[in-house]
Amino acid sequence: MHRKTFEQPPRRVALFVTCMVDMIYPEVGMATVELLERHGVEVIFPEEQTCCGQPAFNAGYRDEARVLARRFLEIFGPLVEQGQVDAIVAPSGSCTTMTSHFYATLFDSAANPAERRRCESLAAVTFELTEFLVDVLGVTDTGARFPGKVTYHACCHLLRELQVDAQPRTLLANVQDAELVELTGAEECCGFGGLFSIKNAGISTAMGQRKARYLAQSGADVVALCDVSCMTHINGLLSRQGQHCRAVHIAQILNSQVDVEAPPPPPAPDQEAVQQPRRWQDIR
Amino acid sequence: MATSTIDLHAPYKERVKLALQNLHLKTALSRSTVRLSSARVAAMTAVDGQRLRDQTRQMKEYVLRNLPDLLEELERNITANGGHVHWARDASEAQAIVLEIARQANVQKVVKSKSMVTEEIHLNQALEEAGLKVVETDLGEYIIQLAGEPPSHIVAPVVHKRLEDISAVFQEKLDMPPTLDPEQMCAIARARLRQEFLTAEMGISGVNFAIAETGTVCIVTNEGNGRMVTSMPRVYVAVMGIEKLVPTVEDAFLQYQALCRSSTGQQCSVYLSLTSGPRREGDVDGPEEFHVVLLDNGRSDMLARGYGEALLCVRCGACLNVCPVYREIGGHAYGSTYSGPIGAVISPLLPAQVTNAEKLPHASSLCGACRDACPVKIDLPRLLLDLRSDQVEANQAPWLERQAMEIFVRTMSSRRSYENAGKLASLASNTMAALSGGNLKFMPPPLSAWTQSRDFPPFAKKSFRELWAERMARRRTIQRGG
Ligand code: SF4
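Protein chains in written order, with numbering that gives the first Met the number 0: chain A, 0 to 283; chain B, 0 to 481.
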């Protein structure tokens, strides 16, 4: 897949918020918008958007997925073609993969030449959030401050289909006060996999529990990631097991600001067992 | 408790359940798959791994495109060397061919070198039913033969067993005194096997690759048993899938590199046995008869059905070692000769009877680790997706799932119905979550499969689009005011 390289930094983007972020994690969507705006990008939100069709496609329902894919192309296509936006940005590696990689499977150029052309032109300008920040805007430090031990889980589609890995790690490395810790098996699947988590719930859980064990070993307060679906799976297990660590979408960490004018007072030196508020608790 | 065998014919669900409950299995798998995977990474980064993979893939693609011609070239050259070539359409034809060769040569005992293809066609069973004695001579294969189990990994057949389990098998079947010393255990097995080599009339092996240009059958081993099997008995029979050939000697070494580095992380194996024909006059050893059985067994069908990419496989097992699903359940849970990602692709396509093979393409989170590891870059996740799609098209998907998918797409097809569904889900999930302290602990079936082991968050009280609308309204007010 060819990504467009921009001569002028993009000024305006369309937000592909994804259905899960819209309905379950609106705060991730908001953090995405604020991040983009803070870096000089105007965000428009095409309100007709719903779901990219990934659940249907992954389960093998290509006709059904095609219906939603066509819808996506019709909503976002004209915006790009008419120059109303320079790019499409999504806070999700897997949904970006769906629209930029898998749509091509749904529309072959002989049967659906128009759709095929459209998916290719959209694929070139659709970016996952961290990819957009680093590769397109050239941002490596979002100016965020996040006190706590942070580790990173590489979501599969982001890592292996989009090959985005250095970008989120760079951005995290530049977060003030965040202590980065290593996560064993950071690149191993958390076991979500869409319907896999239901159809093969036992295997899916075993995979997630392995992830949870590694997270406990890492001592991290939060694990940052770029996909709310993996986030849901990992948090579902951590919370069920009563673990302290939580998965947090990277947009929220990159957008977390602590007022520099009035830093919180340092804890009294001798005071024992002062419970530091955990950052993720504020966020959720 | 030793790592127990899973009944391959049990229903899929049962096989997986047993595997997941087996803690010893988990230990054995975690240890060995991690070890093999890191060895592969080291061996592939020591050379230009990407180039090696690209070249191997190109070569194998060439083979597939020219399969009939290359197979005929192979046949011509084997025959010219004095060997015999047999074509088998399916498992029963292949069994009959081998049995006939054994009958004509008056064979009582067969020694075998590790081979997945003979497992695929259940050759041992057929030979034993005909009254022959069959001895596996690869140490791993020997152990599972003693244990009465099938292999659970393409390359490392006893990967599912710990040392303790193997010791138990040897104590029971070979009267070995209790020990956990691998060297002592090896010595006992070796002494037994030596006797078998000396008395067998027939050797059978699979084929790692056959060279069309020279009519040479190559097998890659680490124990030296392979070369005994191919050269000591009077008759040597090599069984190969029709895709396992390479055009030239140079190509053979390309694939050899890719295979060794990917499977065990070795630069090259300890032994590479090449057989081009029977013993000639003046040769000090070698078989008197040399037979090659070319097996189709569904392979040309796979090619015709658009799954030819799976035939590029060189059976290195790298995809198994990196697969997080394989790591949790091991090979036997797949219920077929071929397990892991490649097994999930080909088991439903091969004619062998695998119980619930249709479930295998769904036993994957599509994480893609297998594709990154594969030395021929087979796009295994895409093949799994294709298989799923074929099932839906053939109307084989569960009724309930089809209905759910239809409702899902209808809901997502209009903004109104999407927003309404979102509101409903928010209301329902927040009401339920209020009862269980913040997160959903119970959901109705089939979603209960999630909440049995995992919480689910309630939907947001206000969706992003609502927050967005409020934000836009605020901005407009500010703009008007200012
Ligand atoms: S699919 Fe690839 S990685 Fe898996 S066994 Fe075959 S060649 Fe090896």
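Read the hints as simulated data drawn from the structure, not as lab findings.
Predicted, not measured: the structure shown is a model, and the values here were computed from it.
Any given hint might turn out to be false.
[To be verified] Pairs of lysine-lysine, DSS-like flavour, derived with a Cα cap of 27 Å: (1) K422/B - K440/B; (2) K12/B - K25/B; (3) K198/A - K461/B; (4) K376/B - K358/B; (5) K460/B - K440/B; (6) K16/B - K376/B; (7) K461/B - K440/B; (8) K172/B - K132/B; (9) K108/B - K172/B; (10) K461/B - K25/B; (11) K440/B - K198/A; (12) K12/B - K358/B; (13) K12/B - K198/A; (14) K198/A - K358/B; (15) K25/B - K198/A; (16) K132/B - K25/B; (17) K376/B - K3/A; (18) K422/B - K376/B.
| query | Is K12/B close enough to K198/A, meaning Cα to Cα at most 27 Å? | reply | holds (10 Å)
| Going straight from one Cα to the other, do K422/B and K440/B come out at no more than 27 Å? | holds (20 Å)
| said: K461/B and K25/B were given as a pair; does the straight-line alpha-carbon distance stay at or below 27 Å? | reply: violated (43 Å)
| query | Is it true that the CA of K422/B sits at most 27 Å from the CA of K376/B? | reply | Distance of about 44 Å is beyond 27 Å: violated.
| message | Next pair to validate is K440/B with K198/A; report whether the Cα-Cα distance is within 27 Å. | response | holds (18 Å)
| query | Going straight from one Cα to the other, do K461/B and K440/B come out at no more than 27 Å? | reply | holds (21 Å)
| request: For the pair we were handed, K25/B and K198/A, check the Cα-Cα distance against 27 Å. | output: holds (21 Å)
| 27 Å Cα cutoff - pair K460/B, K440/B | With Cα atoms ~18 Å apart, K460/B and K440/B stay inside 27 Å; holds.
| Hinted pair K16/B and K376/B, Cα distance within 27 Å | Violated, because 31 Å separates the two Cα atoms, which is more than 27 Å.
| Within 27 Å, alpha carbon to alpha carbon, are K376/B and K358/B? | holds (24 Å)
| task | Sort out whether K358/B lies within 27 Å of K198/A, counting only the CA atoms. | result | holds (9 Å)
| request: Below or equal to 27 Å on CA atoms is what counts here, so check K376/B against K3/A. | output: holds (26 Å)
Figure legend: structure checked against the earlier numbered hints; hints not met, in rising order: 3, 6, 10, 16, 18.
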